[in-house]
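For chain A, the structure is supplied; the task is to place chain B on it using the hints.
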Amino acid sequence: MKHTRDEHKHDLHTQPREKEILPQQPGERYVKPKVAKAALSVALEERRTQLAGATVVAQLISDVDGTALGGRLALPAATTVGQLAELVNRLTATAATDAVPYAFYVDVTDSNGSDGLKDGKQESALASSLLDDVLVGRGVSAELGLVIRFRPQAVFRVRTVTRCAASLSGHTEAVLCVAFSADGTLLATGSGDTTVRVWDLDTSTPRHTLSGHTGWVQMLAFAPDSRVLASGSTDATVRLWDPRSGAALGPPLRGHTGLVSALAWEPLHRNKACARLASASKDATVRVWHAPSRALLFTLASHSAPVACLKWGAEGFIYSGSRDKSVRVWDADSGKLVRVLDGHAHWVNALALSTEFLCRTGAWSHDLSAKQAREMSQDEALQIATDRYNKYAAQSGPAGKERLASCSDDFTIFLWSPTEGKKPIARLTGHMQLVNHIAFSPDGRTLASASFDKSVKLWDGLSGKFIDTLRGHVGAVYQVAFSSDSRQVLSGSRDSTLKVWDLATRKLKMDLPGHADEVYSVDWSPGGDKVASGGKDRVVKIWRH
Amino acid sequence: MPQNEYIEEAIKKHGRRFDHDERKRKREAREGHKLSKIAQSLTGFKAKLYNKKRHAEKIQMKKTIKMHDERDNKQKTGQEPVADGAVPAYLLDRENQTRAKVLSNMIKQKRKEKAGKWDVPIPKVKGMDEAEVFRVVKSGKRKSKEWKRMITKATFVGEGFTRKPPKYERFIRPMALRYKKAHVTHPELGATFCLPILSVKKNPSSPMYTQLGVITKGTVVEVNVSELGLVTQSGKVVWGKYAQVTNNPENDGCINAVLLV
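Chains as they are written, first to last, in the numbering used here: chain A, 569 to 1113; chain B, 189 to 449.
So here's chain B without its partners, still in its complex pose:
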């Protein structure tokens, strides 16, 4: 092991030998030949390591060359292309411009509604069988009757809903699992709003769940977006839009949804 910087010290003291530069140049000139000889003669694991190193070096070299080329080209053309997203002078330099684009026209939405198909963020959802959604409630004096069901998932009930008398109430929707609002994310704005739910449009598992207002992951609900100030092509304010539920409300205690644009 060398002790201290004795080589540098010697160079400082006595200088280099007179033919140092020439020798250096010749060594560098021979470098290629030397590497080539090594590359040809190496075998086995050492060859593998060597080739890998050489490969990485070549990639780096090519990248550097390309970068230099690009810089040169740029100087030739000189002009930058016109930027997109033109705005008038009075909107320049204004920050926090939330872009409420005119989202979709009503016709499109109606057509989709007719077909009963939406291009939704969560296209495939796990099916929910009745055993999972409903819990059998025993009734009768001897608890022998089993025609009542309790819904174990989050539900939406309309505004003026009153429960039926116990005798006629086949499906019980527990108060604790009823929801009126959903956290709806606008995918283009990237913002989330807490919006009132208007109705359950479709629960993909079963039409019966749709009627019952059961909200599970993947359910399409209609939300009131009048606060967002979206407008249709005819200038009317949009107030009902569909959103798809993205979480499991029964586990999370809240409803998260993404707006279908």
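This is chain A alone, in the form it adopts within the complex:
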């Protein structure tokens, strides 16, 4: 007894007194017991070996027009995505040299007739094989009939951007807009220091500084033939520049009485000279200019509040969205109001067109070199652009129609078919904050929306069905942009990062930190090799693989 007491006494002296009073270290995490995980993987492995030799009955259905391809097929469960693609190519009698990659989506027709979707999300595309993804991954019985929808993908693949290749400093105020030219060889940025800068992308050095505006440069737009750059500013003027020589093309286009908020060029396939330009302004009007003669052709004035966004469609219409809650469709030749698309309950923030990528790139496509594109004659360019557009328009069903999406401060997005009527195709709800920007994928099948609720949401571009939410940003998302192969989407946010998301897995593919402040504007070059971003830290960054 005595002995123990001594021991205690001893303890009291040797033990540092601080020990008991040290504040507990925060941040201890709960470590998941590894045993359960291991057991789970064992169970999955067991199921995998059991089903390895199984056969599933499947029906292939085209996702483009919904027609069945062939009859019901008995496929080995171990069929991979590559093998399925080969099968589809064989069944559609496509020559091996023209083989198209496909993405596959599996619907399960179970006895209840439910489509097996959980919480409204669509299943992601098959990643490896039927066995791994469907039978093991989703736990679907091998005896159920599968419906496999296939969707053609771009024949080329854009490698994701992974690093910051260059930080271009020079602007002395926040960078408000960045824009790649249609052929991806030029990059122009507009800033709050009233200048527009054109950068040499090969050497990542400044090429021209275009000064002339007396207000913040809010908007930049390259003509579809990349020969003219238009810039709109808070000084209520639009200026035209030659981006290659850095010269101003005449005096500014005056006429607006409020800041210029959006610009849109006429698509190449409707006018081979790319002569007409529309500008939207805070004075609630849209003005259409003839660029070479600098003449005002007509003014579209029936909005009752500032016009926030503007698009020039592929089918001869001009679309404008305004803070008076309406989207208006105008005839581009006569300037007449065709229809008013009502539905939003608050400001319309941005518009997106399913044909936007076609209109933007004009005659340029991934199989043309920059030199070829530059030296092309106007007639050749017109021919190519018209062919590209006709190919798009020849698609059956809604896929071949021009679809317009508008997003608003009322947290919703509307999907319209503006050439046909004023009834919306769908009203897309789900965002918890205002939706700032939307973009259609170049193939027109997916719509991405950037919202101040820190999320990016993906929607089906044809029906407007919800696909998935991409979470990861910790600040409001300002802008989104698609890669030209429609496989990735890029988002720029107020939290100073850019993020690249994969459309097949719907996961974060690449996180691109580096900006020191909010990222105001992002653009993915039509060639897909570069991404440009600009923000409040006055630096333009170029990202590449």
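It should be emphasised that the hints constitute simulated quantities derived from the structure, not laboratory data. Take the hints with a grain of salt, since some may be wrong.
Here chain B is said to cover these stretches of chain A; the calculated rule only asks that three of the stretch's residues, wherever they fall, bring their Cβ under 8 Å from a Cβ of chain B [to be verified]:
hint	segment
1	776 to 788
2	819 to 827
Derived PhoX-like pairs: lysine-lysine, alpha-carbon spacing no greater than 20 Å straight-line [stated by the list, open to error]:
hint	chain 1	residue 1	chain 2	residue 2
3	A	1077	B	424
4	B	312	A	1075
5	B	390	B	314
6	A	1022	A	1075
7	A	939	A	1077
8	B	424	A	1022
Cβ atoms here follow ideal geometry from the backbone N, Cα and C, with glycine treated the same way.
Frame of chain A, contents of chain B only:
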């Protein structure tokens, strides 16, 4: 004392004398000379009063002239300078834009931590001696032992803290003075948030107080700012930042602090 407005009435009735305007002009022209004569001849307190009045008049006159000049100059230059704080068109006219700037990078903070110095809002704090912070607790059957201390200031104890058995507990931190949260003001946003305290980083009075978690005015505490959504340069969410206590928690019953940016 004049009764009623008889002068005005007379002017109304009969008009002014014919040379009124000329006399007025001459009087005004003589005004300067008259004032000068007065100014030169006055002495004493009257001079003092007069000079003071004249001084104020001159200042007013100069200001007026300057204002007229400025107005004229403005017309000449015509253009306004470009406003600062450029924002893209989609952010114009949006109110309540709380500006969560990317505050500081981690390196800066670490460097400061190493040096043990912060550029803090309250640089000088009153020292706290032990007699003020600790109260002697008598123990033992005859209350003759005096090795126990009770802390009389607000404290922070970690999450999983358990008290030692009485025999080994030298410092008692009373439950009523323990705090888990602090009202932290962001100096740039001008907003206050109630944030959980993570640790006591430094009590300037003594390292022992730091270890004990004593929170007095001027103490630097680490708070959990993950709710604010601040990000570092590398895009990671900042979750621990330092804040300095600005009040006397033991008197006020709450902890007010200002975030160190």
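Mind listing which of the numbered hints don't hold for this structure, in increasing order? Hints 2, 4, 7 not satisfied by this model.
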